[in-house]
Every structure is written in C-alpha cells, then in structure tokens.
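A.B. asks: Put together the whole structure using the sequences plus the hints.
Number of protein chains: 4
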Amino acid sequence: MARTGIHSFVWSASSAQADLERTLANTKEAGFDLIEFSYLDPANVDIDRLAKRIADMELGVAISIGLPAEGDISSSDKAIANRGIDILNRTIALTRDLGGRKIGGILSAGHGLQTEAPSRDQWNRSAATLAEVAETAKAAGVTLNLEIVNRFESNLLNTAAQGLAFIADTGSDNIFLHLDTFHMNIEEADVGLAIRHAANKIGYVHIGESHRGYLGTGSIDFAAVFDALTAIGYADDLTFESFSSEIVDENLSRKTAIWRNLWTDNMDLARHARRFIALGLETARRKAELVAAVQKP
Amino acid sequence: MARTGIHSFVWSASSAQADLERTLANTKEAGFDLIEFSYLDPANVDIDRLAKRIADMELGVAISIGLPAEGDISSSDKAIANRGIDILNRTIALTRDLGGRKIGGILSAGHGLQTEAPSRDQWNRSAATLAEVAETAKAAGVTLNLEIVNRFESNLLNTAAQGLAFIADTGSDNIFLHLDTFHMNIEEADVGLAIRHAANKIGYVHIGESHRGYLGTGSIDFAAVFDALTAIGYADDLTFESFSSEIVDENLSRKTAIWRNLWTDNMDLARHARRFIALGLETARRKAELVAAVQKP
Amino acid sequence: MARTGIHSFVWSASSAQADLERTLANTKEAGFDLIEFSYLDPANVDIDRLAKRIADMELGVAISIGLPAEGDISSSDKAIANRGIDILNRTIALTRDLGGRKIGGILSAGHGLQTEAPSRDQWNRSAATLAEVAETAKAAGVTLNLEIVNRFESNLLNTAAQGLAFIADTGSDNIFLHLDTFHMNIEEADVGLAIRHAANKIGYVHIGESHRGYLGTGSIDFAAVFDALTAIGYADDLTFESFSSEIVDENLSRKTAIWRNLWTDNMDLARHARRFIALGLETARRKAELVAAVQKP
Amino acid sequence: MARTGIHSFVWSASSAQADLERTLANTKEAGFDLIEFSYLDPANVDIDRLAKRIADMELGVAISIGLPAEGDISSSDKAIANRGIDILNRTIALTRDLGGRKIGGILSAGHGLQTEAPSRDQWNRSAATLAEVAETAKAAGVTLNLEIVNRFESNLLNTAAQGLAFIADTGSDNIFLHLDTFHMNIEEADVGLAIRHAANKIGYVHIGESHRGYLGTGSIDFAAVFDALTAIGYADDLTFESFSSEIVDENLSRKTAIWRNLWTDNMDLARHARRFIALGLETARRKAELVAAVQKP
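Residue numbers (our numbering), protein chains in the order written: chain Z, 149 to 445; chain H, 149 to 445; chain R, 149 to 445; chain F, 149 to 445.
Keep in mind that the hints were calculated from the coordinates and are not lab data.
Heads up, a few of these hints could be off.
Said to hold, decoys possible - Derived lysine-lysine pairs resembling DSS-like cross-links, with alpha carbons at most 27 Å apart:
1) K444/Z x K349/H
2) K349/R x K444/F
3) K226/Z x K444/H
4) K226/R x K444/F
5) K349/R x K286/R
6) K176/Z x K200/Z
7) K176/H x K200/H
8) K226/F x K444/R
9) K444/H x K349/Z
10) K226/H x K444/Z
11) K200/R x K176/R
12) K444/R x K349/F
C.D. replies: If you want it as structure tokens, here you go:
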C-alpha cells in the first residue's frame, strides 16, 4: 500500500530522544504514514524504544544515508571502501531494528561535490560491493534504494537510466532506484518519461520542490510526476523532503547547500505537503480513469 | 514512414482544377509530404489528372469527410443512413483513385452540433454499418480513421476511449482512430495519456492549435503530444490543420465556427508549422534517447 | 474580498423552491461563499424568501444569463432586440432583489452556435444597447460582466481583447469582462497573458476545466491562471462551473453540448473544487511572495 | 537590438589564437550574432587582433567571469578582496578592448560550492566594492551584470529578488542582473514571474537547459521564459550556454560539475539552439500580438 512519508529534517536535525519522539508525534499530527530518518547512531539513541514508539503509532520508517568521503565504497582505497561497507551494514541493522524495510540515499559513492569525473573502475568497484551488501540487506528484510542525485552531490549516478545500468551490473534483485523530484528536475530530460523508463525498478520516491521549499511553488511539474507514477502502477512509499536554513544539519546542509530560509513554520509546511500530495495523487487517479472511461451512450 | 501533411483549406477551399494544382505546389513548396483534401466530387474534378500530379510530385494524399445530417449513418431513417453509406463508398473510391490509403474525419455520425444526446441504438447502428463499409475500404486498400471531435461537432465519439470501444464494437481490423489535438484539448483528460491509451489503434493524427491558428500560440502542450507519439512508436502521418476566416468553406467554416482571422499569409503559416513540427519531433526523439541513455563512465 | 462561488447547476437545474433552498445548503456545506444562479423567473420563484435565505446564510449571489436567439440585442430586428433589453432589465431587477451585485453570461448577443460571421453593425448595435442597459444596472447597484465564450457558443466576443474593445465602444464604466477558463482554453493564446492583458476590466471569473469536469483532470494550466490573477491583484469572485449529463437543463445543456457523464456525486465534485481552488490560490500567493522575497543574509 | 549569442565553451575551452578564431567562425556559421568568452588573458591572447576579427565579422562580444576563491571581493581578507578588484578591472579593460559592452558572471563573490552560509557583512563588503568597480566599468562603457546562480555555485545571490536588493544596496546605475535559465530552474519560484519581477534591471540573459544540453530536452518551460521576456520588452542579448564532458575547462567544468556527455557534435547543437531560440521568440511575439488583437468584425 502507498504510504506518504516525511523526512525528519522538516522537524528537527537533532537525535536527542525527546526530539526524535516529538518528530514522530509531528509526523502523525501532520497526517503522514511514514517517517524517514537519516542514519541514527545506536550509541546515542535508544533504538528499541524508538522502534516501539514507531510501531505503537503505526508509522512506517525508512532510513537514508549519504556515504561520507571517508566511507566511499567506490574508492580504490580499501580502508575507505571497507569503512563504507561497515556504514552500510550498520544502516541495514538500524533499519531492521526500527522495523523498516527500505534504505535510501547515496549508497554507491561519496555524497558531495566531486572534483573529477568518475571512472569505469570506480563504477565497477561500487557495483560489486553493493551486490554483496544487498545480500546482507536481503537477509535483514531490507532493500537498498540508490538515490539518483544531481551533479553537485555525486558524479556517479545522476540519471535513472544510469541507475538502471548500475543495478544491472550488480546483478542483484535487492537493489532499486530511489528517485527524487528535486534531483530529477536538474538531470532528467523529463520527469514523466524517466519514471516510465525506470518503472519496474523504482523502490522509493522523494517528493521535493525545485528549491526544496513548499510543493507547488517551484519549477517541478508534479502533475506529470503523479501521472507517471499512476501510469506505472507505483503503489509504494512517497516521502516529502524539504530543507530550509531554519533547521540545520551540519553535514547535510553543507552538502546540499541550504542557504535560504524557505519556511519557518514546519507544521504548516508539512500539512500543506500532505494536502498537495493527496490532491495530486487523487487528480492523477481521476485522469487515468477518465482517459480510459468507455462512456458508451 | 512518418509523413507530415497539411490540410488543403490552408491553401484554398476551391475545387477548381487550377486551385487544386496550386495547392499541391504550395504543399511541396512549404516542405510537406502529404496533402489532405476534403471530399472532391469526381463530377467536377479531373481525378485522374490530379492523381497523376500527386504521384509526379511524390506527395502522399489523404481524404477527410464529415457526414452531413442528411447522410448520417447512425440515423434510424434508412434513407438517410443509406445516403451516408453511399457517401462513404464514394470517398473510398476517390481515395483509392487519388493514390491514397487513409480516410479521416467524422464517419460515424453527422458532423455538426447536435440537439440531443446520442442513444445506444444509434451507436450500434453506426458500428454495424461501418463494419461493412470497412470491408469495402479494405478491398480498396484504404483504412477508415474515425476522427474524435469535440462536443460541439458531434455527440457520439468525443474521446479516444469512446473511439476504442466503438472500434471494438465494429469488430473490424480496418478501422482506426483519427486523433486531432484541437479536439483533444477540449475533451481529453490529458493529450499524452490519451495518446498512450489509444496507442495501437491510432491511424491518423491532426496537429492543430487550440484556436486553430499558428502552432505554439495557443493552449496545447505539443511537447506532451510529440513525447507521447514518440513513446508509442507512432511512425505514421501527422497532418497540420488550421482554419482562419481568410479562407471560407461554406459548409465546414460554419460547422467549425470560424469567425476570427488568425492568419492571412498561408505560406508563412505553413512554413512555420513545418518548422514547428520538425523541431518538436526532433526534440521528442532526443528526449527519449536521453531518458534511456546509459552513460556509464 | 475574494469569494469562491459555485454554479447552481452543479446541484440542480430545477427552480422549485425546495430545490433552490437545498442548493443554498449544499453550497454552504461544500464550503463556498457564493451561489451563481441562472436567471430565475419571479413568476415561479419566491424571490424575497430566497433573498432572505441567501442573506441569512451569509452567501453571496450572482446571476448569469445567455440571451436567447429571440432576445438577441445585436439583432437588426427591433422586436428581437427589445425582447433582449427586457430580459436584461428583468435580470438586473432579479439580481438586485436577491442581494447580488453582478450579472454575468452572454449578454452581448444570442447564446448558441451561429451560422454566419458577425457584422460591424451587429457589434455597434449591441454596444449601444448595452451602454444604456448598463446605466439601468448601475442605478440598481449591479455590474454587467460580459462572458467571453468559445466560437461554438457565440460569434461576437470570443477573446478578452475583443471584449475590451467592445467595452471601450460602449463607453460605459459599468461593464466588465466575465472570463471563463473553459472558454479561454479554446480561444486565448495564453490564459495567463490574456488575464494580464485584461487586468483592470475583469469583473467576474469562472473556473472550469477543459471538459467541464473535475478541476485538474483536464488541459487547463490552472497554476498559470492563479498566478496571473494574483499578479494583477484580482481580489474578486471566482466561481466554479461544471456540467455533467447527470444534471440536465433543457436549454443550457443543448447549447453547451453536454453529452458525457463527468461526475455523479456533486458534493464530492464541489468539495474537490473548493480544495483545488483554495490550494491553487494559496500556492500562487506563496509563489508571488517567494519571487519578491529579498532574503538578505 | 536583441542579439543571440553563444558561449565559447560550446566550441572550445582553448585560448590559443587559432582556436579563438575558429570559435568566431563557428559562431557566425551557426547563425549567432554574439560570442561570449570567459576571461581571456592578454598575456596569452592577441586581443587587438581578436577585436579586429570580431568587428570585421560584425559579431557582438560579451565577457563572463566567476571570481576565484582567492579573488573573492566579499572576503574580509583585504588581500583576497583586492585581488578580486584587480581581476574585475582587468575584465573591464578586456571587454572594452574587444569592443564589448557587457560583463556577466559571478562577480559578487567566489564561484563554487561554499561551506558556510553568507553573512550580512560579506554582502555589504561586496556591494560597496562593486559600486566602485561599476564606476570604472562605466567609464569604459561597460556594464556589470551579476549572474544569479544556483546554491551549489554561490551562497550569496541565488534569486533575482536577492540580486535586485543587492543592486539597490550598491546604489549604482551601472549594475544589472545576468539571469540564466539553468540556475533559475533550481532557485526561482517561477521563471516567468521572476523575469517580470526583475524586469527593468535585467541586463543579460543566458538560455540554458536544465541539464545544460540541447534546448527543449529538459525541464525548463522556455515558452514561459520567452513570453515573460516579451512581456517586459526585453530587447537585449540572449546567449545560449551549454556544457558537455566533450569540452572540458579545468576550472569551470569542476565548479559546474560537468560529468555527462550531452553532445558531441557542437555545430549541430548550436544550430539547433539557434532555431529553437528563433522559433521561441517568434512564437512569443505572435502570442503577445494575438492576446492584444482587437479583431472587431
């Protein structure tokens, strides 16, 4: 069943237990079914307690992560690559322990602006490594979803078509695409065509505006996004993501270059997003029905 | 092979031989591959000579017709229905004699604003009759393409989905859809979704703007049209249609309500349309390629 | 203050008192601020009672009308023209008596498909007559708003630019434009450009989809509509209009060629429209603010 | 008069004399009126000879530059800021010597991904410095045009509204905005609204696709861009910019993260862009005319 999620950084970048629990409450209050957390460190967070809360509130959960430069699995430096594998394995364990089934984010290489073009060797190393990690994930009941991000955040996988080729090279059946409309707006020829092309490998979707603020107030043709998702029969999670200078995560805000304040009232933002996505999906469904309606006299 | 055509009323509504031949010359000069004529009466036109000219100039030809009220094949009045069958049979002969392979237009019922809703009987009569006419057409090497038009020009087939149901009811394999962007803009939920839905039954396409003037200067999302045609692999005729009060056909101008002058220089209009369609198709092709480009490092 | 209205034919085409009152209740229940009625005959309707109900419910009211062929004020036949003047005068009285301030609809000529092009004399007669009627309206505290409709429903005023020229020719300051997105989608080069061009003469607006069904499920670029209305500072009534074969008005359904069933549940339709318009206006406001936001560090 | 330009990196990133001259020839051959060069070092390039060629070919010329980190005029480090002033002054001299009248690019701060949010002091230092540099430019007959770029390439001026506020703070009448559709697609609420908002301060425009490849094959609504430029009466230079991994500039390719090959045949790309822009401008002009066409009978 399709769930509508929200990224936790709409609420807070803190991983203090009280903040995490308030994040769950806000998520529920704003009408969402799923919370996406960035990696949480079990050393600092009571994962069992958080998992119980999530379950009690009947929320879904997903975990996303962007590999750091020092944990880039595509690196030719074994120590760096191994650190990346370790991070991924810990993320798998965290996801499973929280009751989640999906990992998203930049898993194939380091997150952040690169200074040179990628190489075929880098691609191959990453694919081979992820194929193995995907087995670990599978055993844990978790899928890997490779976020396809814009050129300024990665040099390896910028389009859905590259992601499909990469997945084919892994040979794994537990690796899918994590598409994000913010990134697609920069890299894809067309959001709708790209979604249709990637149809049966889309495992997770981020709904974000072109400037990362309120949905509908930017460049993205969301009607085309919802029409394409409806056309391919995507009936899985859609997670709203938005960043503003109001809530800063030292690491992520820098890599994603969040300088402007695009909102201060996160509850208003979240409720607006919930209405926007609901109305968008409903409209797409009605259009699909209308286009196929026989309407004989 | 995809041919780009033009409706003869861009050039002239006259069926005098000299005017028809000037129409062919203009069509060629403006860069088109195909001319669409409204029904020409062999009693007034030297069809053999026209056919020879068309062949000599290596032009394609298509014929369109809108059944008159007094020749409405969906009528319960046998005399009226039979008159319609006769008109269709003469159109088939004309098309064959001119070297054409397609008939388009409003073939299922009378063309023009109706005063009451259609009935199931009307639909059934029309389908049964067209099934027979389609056999005659098939023997002549000609297909029937049912133009799906807006509510003010017919009450029977206003959407592609209705057209598909109607074709299914005929049981014929020689009846296809004639889609027209001007009409789709009024009736369909979405031009792209409708083209995809009707994919394998589209036999002929009219490219016309929302106000019937210069392409690109109205409401229609032609990028979506060309993307969808590319996605379904449509590689058949696309014919530009435009009307202005500059060129009046007593019958058609009234039924299609042409009051405004949207152009006076038809050669400029036609050349613009030719460039617009060419650039649109090229752009759609490039987008489709880009969306599927593997681009491994 | 901007009010969001709804056309009464979403609820019922009956003018029985109980039906009219149920229409008011439905309007309120679905969250609208204003009801638009087609002309109601005081001979059959208790206007005072209806006016009191409207006032008690704190609803706004607008009246629309399409002149019949036999009451076409642009006619050279004095008897016909005078009948039209009489109809308009009665509509003014009705509007005033119901507590309304706006008359919309096809006031300049007969409503319905015409069979020949309009003439300059017709235009001039209509303008001269409306100039006088507008004085009567002014005295009653009512404005005349000329609906700009598509070619199949009138041959006189099909674009906002024609409407502006016509208003200039009347010399009246009590005549404005009644724009309707359904018609604009067919006739205007661009909905947003046309709204901007007509800016200070727009008195009333219909929000309708391209096929007259659920908003958002057709061709119209409503984001462009709301952006343009916001840009020109339009802060007046927006009325949702939708027709389906579910609710038939003998006269209007024929002239507007309503053959298909685009909805059966009118309360669902109306609530959807209310949400759609509210979200659209909110989004446009946010975009306008964002585009002008200084955001100095 | 509006000129259509092209960025030299479509042709070559080399500043060898022969390559620069071939760039001019290609520019002319592809039908452009203006060449935009990134800063050329007079120590390595025979500026007089290049200027003469440009004049002989009746081409316009513009110069763009992105300040390096070590020449960031917004820096609190005087030595760094002074280096920036020196770079700008040399760019002014170069532009004048080549016969140009416009400098574009990232002039207000360092080009490239920043690691922290900008400060008000930084903004103020930059504005004060540019006010002075603008006087030098004015004396040389050259305007400064501040390129508004996306968050990953600068943290200071990401929207046209910020640029307007910044220009106001300089107090200069010789500083304008350099808008670029690639960047606007990421940062602005709406390309058309932003162009209208910035109307009288737009000095230079880059036409680039969302992924920096072929125009029309990405996310940007170029019809909205051309409509807005037409609406504000922009009749100045429009320069096509496109990057592919095919042509690498060590510095710029890294800062702009060019990893993918979006074209190999630059002449085909350029000619396509020329046709695309010409057709886009023509279409926008026709739409503006149509929206205002009185069309009285």
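A.B. asks: Taking the earlier hints as the rules, which of them does this structure contradict?
C.D. replies: none
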